[in-house]
Amino acid sequence: MVEPQTFLSQSALIEAGNRMVEQVDVVSFDLFDTLVVRRIHNPDLVKLPVARYIAKKAATVNRVWTWNQVQLLRDECERKNRAQSAEQYPDAEAHYPTFMRETLKQVFADHYSEAWLEDVTSFELKTENTMLVPRARLLEWLKSLKSAGKTILVISDMYLPAEHLRVLLQHAGILKYVDEVRSSADSCRAKASGAGYDLIADELGLDRNRWLHVGDNAISDGFRAIEKGLQALVLHDSEESRRKAIVARYYFFSRGRAYWKGRALQQLMAPLEAENVPRSWMYQEGYNFIGPILSVFIQTIAERCLQQGITKIFFLSREGWMFKQLWESIAPTLYPADELPQIEYLYVSRMALAGASCAHQGLTLENANIVFLPPGNKDFRDLCRIFALEIEPLAPFLDQYGITRETVLSPGHVGYSIDERVKFNRLLNDQDFQNEIRQQTADRGEALRRYLADSGFFDHEHVALVDVGWLGTIQRFFFESVAHYDNLPSCHGMLLGATRGIPYKTVPKNRIEGLIYDKHVFDFASSSILFARDLFEEACRAPHATLNGYELDGDTYRLVFREMDDALGQAEQQQDDYFAELQSGVLDAARRFGPAAALLSDPAGGYKPWINYLLVSKLAFARRKEIRKIRHLHHLDDFHGSHKPKKSRRPRFVVNPWEDQGWRGWLGSVFQGRLYRKHLRSMINH
Amino acid sequence: MDHQNSTRDEQQKVLTKRFDLSGNSVIRQLSIWFRSKWMIMGKMDTGPGLRNLIIMALLHYGGKPLFTLRNWWQSRYRLRARVKRLLGRSV
Numbered sequence: 001m002v003e004p005q006t007f008l009s010q011s012a013l014i015e016a017g018n019r020m021v022e023q024v025d026v027v028s029f030d031l032f033d034t035l036v037v038r039r040i041h042n043p044d045l046v047k048l049p050v051a052r053y054i055a056k057k058a059a060t061v062n063r064v065w066t067w068n069q070v071q072l073l074r075d076e077c078e079r080k081n082r083a084q085s086a087e088q089y090p091d092a093e094a095h096y097p098t099f100m101r102e103t104l105k106q107v108f109a110d111h112y113s114e115a116w117l118e119d120v121t122s123f124e125l126k127t128e129n130t131m132l133v134p135r136a137r138l139l140e141w142l143k144s145l146k147s148a149g150k151t152i153l154v155i156s157d158m159y160l161p162a163e164h165l166r167v168l169l170q171h172a173g174i175l176k177y178v179d180e181v182r183s184s185a186d187s188c189r190a191k192a193s194g195a196g197y198d199l200i201a202d203e204l205g206l207d208r209n210r211w212l213h214v215g216d217n218a219i220s221d222g223f224r225a226i227e228k229g230l231q232a233l234v235l236h237d238s239e240e241s242r243r244k245a246i247v248a249r250y251y252f253f254s255r256g257r258a259y260w261k262g263r264a265l266q267q268l269m270a271p272l273e274a275e276n277v278p279r280s281w282m283y284q285e286g287y288n289f290i291g292p293i294l295s296v297f298i299q300t301i302a303e304r305c306l307q308q309g310i311t312k313i314f315f316l317s318r319e320g321w322m323f324k325q326l327w328e329s330i331a332p333t334l335y336p337a338d339e340l341p342q343i344e345y346l347y348v349s350r351m352a353l354a355g356a357s358c359a360h361q362g363l364t365l366e367n368a369n370i371v372f373l374p375p376g377n378k379d380f381r382d383l384c385r386i387f388a389l390e391i392e393p394l395a396p397f398l399d400q401y402g403i404t405r406e407t408v409l410s411p412g413h414v415g416y417s418i419d420e421r422v423k424f425n426r427l428l429n430d431q432d433f434q435n436e437i438r439q440q441t442a443d444r445g446e447a448l449r450r451y452l453a454d455s456g457f458f459d460h461e462h463v464a465l466v467d468v469g470w471l472g473t474i475q476r477f478f479f480e481s482v483a484h485y486d487n488l489p490s491c492h493g494m495l496l497g498a499t500r501g502i503p504y505k506t507v508p509k510n511r512i513e514g515l516i517y518d519k520h521v522f523d524f525a526s527s528s529i530l531f532a533r534d535l536f537e538e539a540c541r542a543p544h545a546t547l548n549g550y551e552l553d554g555d556t557y558r559l560v561f562r563e564m565d566d567a568l569g570q571a572e573q574q575q576d577d578y579f580a581e582l583q584s585g586v587l588d589a590a591r592r593f594g595p596a597a598a599l600l601s602d603p604a605g606g607y608k609p610w611i612n613y614l615l616v617s618k619l620a621f622a623r624r625k626e627i628r629k630i631r632h633l634h635h636l637d638d639f640h641g642s643h644k645p646k647k648s649r650r651p652r653f654v655v656n657p658w659e660d661q662g663w664r665g666w667l668g669s670v671f672q673g674r675l676y677r678k679h680l681r682s683m684i685n686h
Numbered sequence: 001m002d003h004q005n006s007t008r009d010e011q012q013k014v015l016t017k018r019f020d021l022s023g024n025s026v027i028r029q030l031s032i033w034f035r036s037k038w039m040i041m042g043k044m045d046t047g048p049g050l051r052n053l054i055i056m057a058l059l060h061y062g063g064k065p066l067f068t069l070r071n072w073w074q075s076r077y078r079l080r081a082r083v084k085r086l087l088g089r090s091v
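Just so you know, the sequences run in chain order A and B.
Each residue of the first sequence is one higher than the one before, starting from 1 at the first, in the working numbering.
Each residue of the second sequence is one higher than the one before, starting from 1 at the first, in the working numbering.
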């Protein structure tokens, strides 16, 4: 018997195929592992998200099934279906609609209708689509064969009928080049026995001598085809075998050690074949570093919302712009059967909310202290700038307490005196001073209330406020602006990192939590995020101007944005352009995260060891080249003033290279271990 | 700034030809693993495990010749034995 030609690479097979092409009119291709490959090594793993989906849907009609039970039932129904086929036909093939209908009838019992089958079939095909990738070189060859006038067939031994295979081919962009799609599920005559070739040849009237078949299985695509008089080429691609072995190892390790869960996830997220084109450094870092971290953050938010009955998520500007897009990519894929909360992008900023926070409570000592945290803020003028206060009406109060607008109130500046600060603290206790502040900021508070009412903020019992972090100042000002309203919902603050530099006033209706890093959770590795906070802010920041405040506009309100035509605005736009590719990489990673995480079905906490590894290796032990690559050009913050603080008495020679690009930063990148130990000491001491 | 622009222009695939992640290879994991043996790195669960890291390094860096040889062997010898068993004849 003639042996089929076997090739270890696509290019070798195509070369041999091109030599035979003149002698054939028809070229048929196997589908799975030939024309398309799966991202996962084991095709049966694609069935698991479907079992979870069915179990969740069954729960909606009060049918209690675990996903494992559903999967076992499906396997049993498929086995019976195959056994029945074997009694009448040469091949023991299963037919998806038949065995899935039987499965669903048992799961849903009296609640079963054909709509459930359609729904589940649609979900299964959608899940398959996310895992399938067309093989670039074979697809190119198929196109050239088609343009040369050959008849192209796709033949698969598969439980999905041809109608479903067409959906998969359509999604992969192959269907338009294919003349006929055949599946063994429709006829129970497969390539495995050779009966499938006979059936197709008879039905389509094909000349077997002028028919070439290409597939990956040496028996059914090779020997059986030759036995039936066809010519056959078998692809036994060593690089594809290697890729699958690598995925299989990562998957296997991830079941034993939590560290590998995230790595396995990233392997499944990785682009393959034609998707994997050369990209810039920025894009790669977005895809392989920032993207997975932010995606896990989004998954954690989704878990918290479902657990805590949160019905609306407000993504706070400007980082919320990125988080909202990530949510839209990830959450529907990861939780297809759950009722997800509504989402909204909320325009806020520390500068805009600071003023509004004084409308009811006045100016508190704690909030005044927040202003003097950044070293650039120094005196009462900075306080007025941040809380949007007019200084002239307040001048008589300053005179009354013996301080001036230039009096240094921040301990980080030359001229600071504790006596002057005590005078200022007494001023804050003056009720007339506080009434003047309330009067000045009343319009801002009312405008904010109208904006929130318009956004549906007061229509929910539990809402999430999602922001990048770090002190939680935005949520602090936000909550203080609305705390006095009766219909106030519980505000669950979810931050990427919570440094808690100032103790946060946690009350039942107002709390914050850092989901990747939280100072209240002892976790050295995740604290590495503090090495490059600005990187995450700039990677997530929306390409629009920051909000300056809320203003009343007749019966409604108006959002006032910062003008972008000054030097700072221009610098921000330059930064937007610089990080555009990084943001594009993050968004592309998120599109792959959903299907990959749905397949692995690990909770977000399972990926934490890998996320911690990413933070340590890419931030605390970043290479000099990487820091140069992805460090931001500009980072603007109107909250920080422009005053220069007094110099530290003790000179520092080794500093964080993410913050200093000079020789001190260079030393920091050389002595990374020393810098990291210093960081750990500060984490323990503070 | 000039240097930043020059590094930006370098193009690479997100998944390298070794099927590893660009910018975060298995070698980098090994280096962090070694560092973690003499200094505190923080919570990474049980870590990767040296044996697992070596296996992955072998697959990523030595996988190409290994799998070429394996697939050639399978198609040359193992397949023949399988055909003989399944179809009851030799080729």
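There could be a bad hint or two in this list.
Claimed, not checked - Listed below are several chain A residues computed to face chain B (Cβ distance under 7 Å; list not exhaustive):
1) Arg-63
2) Thr-66
3) Asn-276
4) Asn-612
Hints are computed from structural coordinates only; laboratory data are not their basis.
We treat Cβ as the ideally placed atom computed from N, Cα and C, and that holds for glycine.
Practice prompt. Hints the structure violates: just list their numbers, smallest first.
Written response: The structure breaks hints 1 and 2; every other hint is satisfied.
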